[in-house]
Amino acid sequence: MKRKVLLVLAMVTLAWGCLFAGELEYFNVYKPKAGMTADEIMQIKYFNKYTLFAEDVSYTGKAYFIDKSGSTRERSTARKRINLGRESDGIAYKDLTVFTGPTQVKGLANLSWTYLDPQKQQDVWLWLPSLKKVRKISASQADDSFLGADFTIEDITTRRFGDETYRLVKEENFTGFTSDFSKKTYYKDTPCYVIEAAPKRANWYYAKRLVWIDKQYGTNIYEEKYDSKGQKFQYIFRWHEIHNVNSKEYPMQMFLEGEDLRSGHRTVIINETVEIDKGLSEEEFTESALSRSRW
Amino acid sequence: MFKRILIITALIIAVSLPAYAELTGENFTLTGSFKNETAMRLKDSLTGLSKLKNMLELAGEYDIKNDDLVFFIKTRYWYDSMYDTRKKYDFAEHYMRHTQRSDWLRDCYIDYTKNQWFLRLGKQQVAWGQADGITILDRVNPVDLSEYWLPDMADLRIPLWMANINYSPKLNSNLQILIIPDFEASTAAPAGAPYAFRSVTAFDNANKLAFHSLQVQNRYPGKQFDNSTFGLQWQDMIGDLTYTLNFLNGYYYNARTVRIGATTLYNRSFKRWRMYGGSINKTFTNPGPMQGVTMRGDFAYYNDEPIYYGNPSIASSSGIKRWDNIFWLIGFDKTFFTNWLASFQFSQYIYQDSKVKDTGITALTQYPFNSYTYGAEDQVENIFTLKISTDFKNERLKPEILWSFTDDNQGRIAPKATYEIKDNTWLTVGMNYFYGSECDSNGQFRDENQVYASLKITF
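So the sequence lines, in the order shown, correspond to chains A and B. If you're matching positions, the first sequence starts at 1 in our numbering and goes up one per residue. If you're matching positions, the second sequence starts at 1 in our numbering and goes up one per residue.
Calculated from the structure, these hints are not laboratory results. A few of these clues could be false.
From the structure, some residues in chain A lie toward chain B, with a derived Cβ separation under 8 angstroms [to be verified]:
hint: 1; residue: Ala63
hint: 2; residue: Phe65
hint: 3; residue: Lys68
hint: 4; residue: Ser69
hint: 5; residue: Asp123
hint: 6; residue: Leu147
hint: 7; residue: Phe151
hint: 8; residue: Glu154
hint: 9; residue: Glu224
hint: 10; residue: Ser228
hint: 11; residue: Gln231
hint: 12; residue: Lys232
Below, computed lysine-lysine pairings styled on DSSO-like, alpha-carbon distance capped at 27 angstroms [to be verified]:
hint: 13; chain 1: B; residue 1: Lys223; chain 2: A; residue 2: Lys106
hint: 14; chain 1: A; residue 1: Lys106; chain 2: B; residue 2: Lys88
hint: 15; chain 1: B; residue 1: Lys271; chain 2: A; residue 2: Lys106
hint: 16; chain 1: A; residue 1: Lys62; chain 2: B; residue 2: Lys422
hint: 17; chain 1: B; residue 1: Lys282; chain 2: A; residue 2: Lys120
hint: 18; chain 1: B; residue 1: Lys387; chain 2: B; residue 2: Lys357
hint: 19; chain 1: A; residue 1: Lys106; chain 2: B; residue 2: Lys357
hint: 20; chain 1: A; residue 1: Lys80; chain 2: A; residue 2: Lys229
hint: 21; chain 1: B; residue 1: Lys35; chain 2: A; residue 2: Lys278
hint: 22; chain 1: A; residue 1: Lys200; chain 2: B; residue 2: Lys334
hint: 23; chain 1: B; residue 1: Lys334; chain 2: A; residue 2: Lys120
hint: 24; chain 1: B; residue 1: Lys43; chain 2: A; residue 2: Lys106
hint: 25; chain 1: B; residue 1: Lys393; chain 2: A; residue 2: Lys62
hint: 26; chain 1: A; residue 1: Lys120; chain 2: B; residue 2: Lys35
hint: 27; chain 1: B; residue 1: Lys87; chain 2: A; residue 2: Lys106
hint: 28; chain 1: B; residue 1: Lys393; chain 2: A; residue 2: Lys208
hint: 29; chain 1: B; residue 1: Lys422; chain 2: A; residue 2: Lys68
hint: 30; chain 1: A; residue 1: Lys106; chain 2: B; residue 2: Lys208
hint: 31; chain 1: A; residue 1: Lys278; chain 2: B; residue 2: Lys422
hint: 32; chain 1: A; residue 1: Lys106; chain 2: B; residue 2: Lys355
hint: 33; chain 1: B; residue 1: Lys282; chain 2: A; residue 2: Lys68
hint: 34; chain 1: A; residue 1: Lys229; chain 2: B; residue 2: Lys393
hint: 35; chain 1: B; residue 1: Lys282; chain 2: A; residue 2: Lys278
hint: 36; chain 1: B; residue 1: Lys393; chain 2: A; residue 2: Lys232
For each residue, glycine too, the CB sits at the ideal point set by N, CA and C.
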């Protein structure tokens with residue numbers, strides 16, 4: 001009898017988890033609530049990370065790659081996303097990233113379609129100025145560097161809820177992050193959940209992450225990655241700006257700073273402008289639109 | 001007439017650009033680069049300089065109206081100082097030392113976007129197909145092979161004045177119509193240049209033996225609208241497979257130089273041909289053994305393709321035939337070990353016949369030649385390419401190696417590495433190693449193996 005009750009309880013819990021996942025409907029704003037489990041908090045965190053609350057988002061910004069000696073390389077980008085969450089063809093959202101500088105990489109553009117099914121890889125197209133042609137490309141591996149940054153592809157674009165197991169470690173006030181780049185201190189004494197996330201993939205490039213989630217908005221403000229020996233080898237900081245759109249609070253990621261502690265290489269990404277819900281057309285996220293590049 | 005309208009339209013906008021730029025500077029973008037390319041021929045050891053090319057490129061974009069109407073121009077000028085220093089190449093310097101004719105204008109067009117319509121009017125290049133470095137459907141523009149197939153495809157194509165009209169009737173589909181009143185012939189290096197084709201050198205030698213009495217009559221297509229090239233491409237998706245259907249009807253860009261009877265006159269004429277084809281691309285995104293593999297394919301049926309034939313051992317032509325040929329390719333790309341990208345292509349050029357059926361000439365002179373390189377061709381040419389690329393130091397160092405070869409034991413191995421010194425300074429070093437019979441496309445350059453370096457500074 002006891003086993004039956006446990007089984008039913010487990011099934012109810014599982015069903016509730018699925019129901020909860022289903023409840024996170026696109027174009028709504030979700031915030032953590034007291035008593036939520038680590039899984040529920042992380043679902044909100046991923047929802048916010050991929051800006052699924054908005055219809056569309058456009059950014060312009062800069063990325064800085066800084067090596068140990070202080071030598072800095074710079075990239076300018078323009079990025080757009082349209083969120084669809086469409087069951088008919090299974091497309092979650094489409095992204096377009098265009099390098100606008102420096103001249104050597106100006107025009108290089110990347111179009112990706114991400115699917116609702118987390119097991120399905122992205123479809124990716126690249127506009128190659130040296131060929132003046134669009135090429136469908138094999139999706140980069142999740143542990144590859146994202147455009148030369150210290151973040152991996154999965155850190156930025158492909159890691160989904162369910163790729164890891166989650167455990168709520170503690171609740172605490174974040175001590176604050178002082179950026180070497182902007183010289184500012186962010187999020188000092190911000191109440192956070194601290195969640196441990198362990199990858200389900202065996203022999204992955206990290207053994208666990210510690211993730212600090214802002215209790216008020218459910219955004220990931222800081223994380224540390226650890227290897228199998230328990231050594232911290234990377235941190236990523238994210239600063240979010242709250243944008244009020246149609247009386248809703250959208251937490252928009254505006255500043256990222258990360259460092260590979262093994263090489264001392266740092267990456268800073270700054271979103272200088274952001275536009276939300278401007279009515280982007282899906283036609284802008286097609287292969288033929290990509291082939292109209294001029295650079 | 002049509003070409004004139006295109007040129008005049010583009011010029012009016014170009015002339016009015018400075019005024020616009022003064023008024024609204026934020027809508028105007030100007031970029032440029034300076035590049036030095038230096039190459040050494042390995043066979044000459046330390047004295048083997050074969051290129052010392054300096055290139056200046058300027059590109060400007062003016063957004064006339066909210067991204068709906070945009071003018072774009074790119075110009076390029078280059079000078080190869082090697083021809084000032086090496087007498088060995090003197091014979092080719094008139095062509096190879098500096099920019100030729102209108103080659104300085106790489107792009108000059110206006111883009112107009114309105115709802116489902118997109119128009120690009122002016123001088124431009126259009127790339128069709130999915131193949132890398134092999135022109136199966138990529139036949140809209142002629143090519144400049146003065147440095148063989150070594151430069152990037154965007155530099156190899158010769159831009160043409162054209163109307164590029166696009167209409168998208170539904171999401172992810174596109175109908176493209178090309179009207180090309182302009183005509184340029186594909187070009188090759190003259191005799192005496194490092195990458196002069198063997199047939200070009202053979203003709204030049206024959207001319208020397210004939211005390212320079214051989215005369216070539218170029219017969220370009222007449223400047224009438226009827227002589228335009230017309231292209232059509234339909235693009236759509238079935239599930240996550242993208243396909244295109246392509247059609248091109250125009251003049252073949254490679255002329256055929258054929259002797260007129262027993263005279264010293266040679267006729268170099270251009271023939272009309274048609275291309276029917278299509279392409280596909282698909283990435284296997286679902287879980288399984290194929291996940292992450294991208295498959296690409298091109299297929300083309302060439303109708304009335306002018307085929308040069310002759311004796312491959314002396315690279316001498318006997319005449320031309322109009323054949324119906326097939327050229328197809330399949331390619332696979334996959335990323336391994338985090339950031340190692342392997343790209344493999346297999347293609348077949350299938351000629352209508354193995355030899356021309358002409359009883360009036362000896363069997364030795366009946367072999368078809370490659371359209372571009374004049375290398376000897378089998379009835380079925382099997383072509384393979386394998387490219388492996390990766391990156392280090394946060395994508396600052398990008399090495400790659402390309403191996404292209406055929407089943408005739410000829411090919412090219414080309415390792416190269418690009419290093420980003422600073423945001424605006426890029427260094428590339430590499431090598432081109434050719435092997436095979438001197439009758440073959442790549443093998444004819446087996447004595448032209450080279451190492452090279454290029455430094456590009458952008459602003």
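- prompt: Which hint numbers does the structure go against, in order from smallest to largest?
  reply: Of the numbered hints given earlier, those the structure breaks are 1, 3, 4, 7, 8, 9, 10, 11, 12, 13, 14, 15, 18, 19, 20, 21, 24, 26, 27, 30, 31, 32, 33 and 35, listed in rising order.
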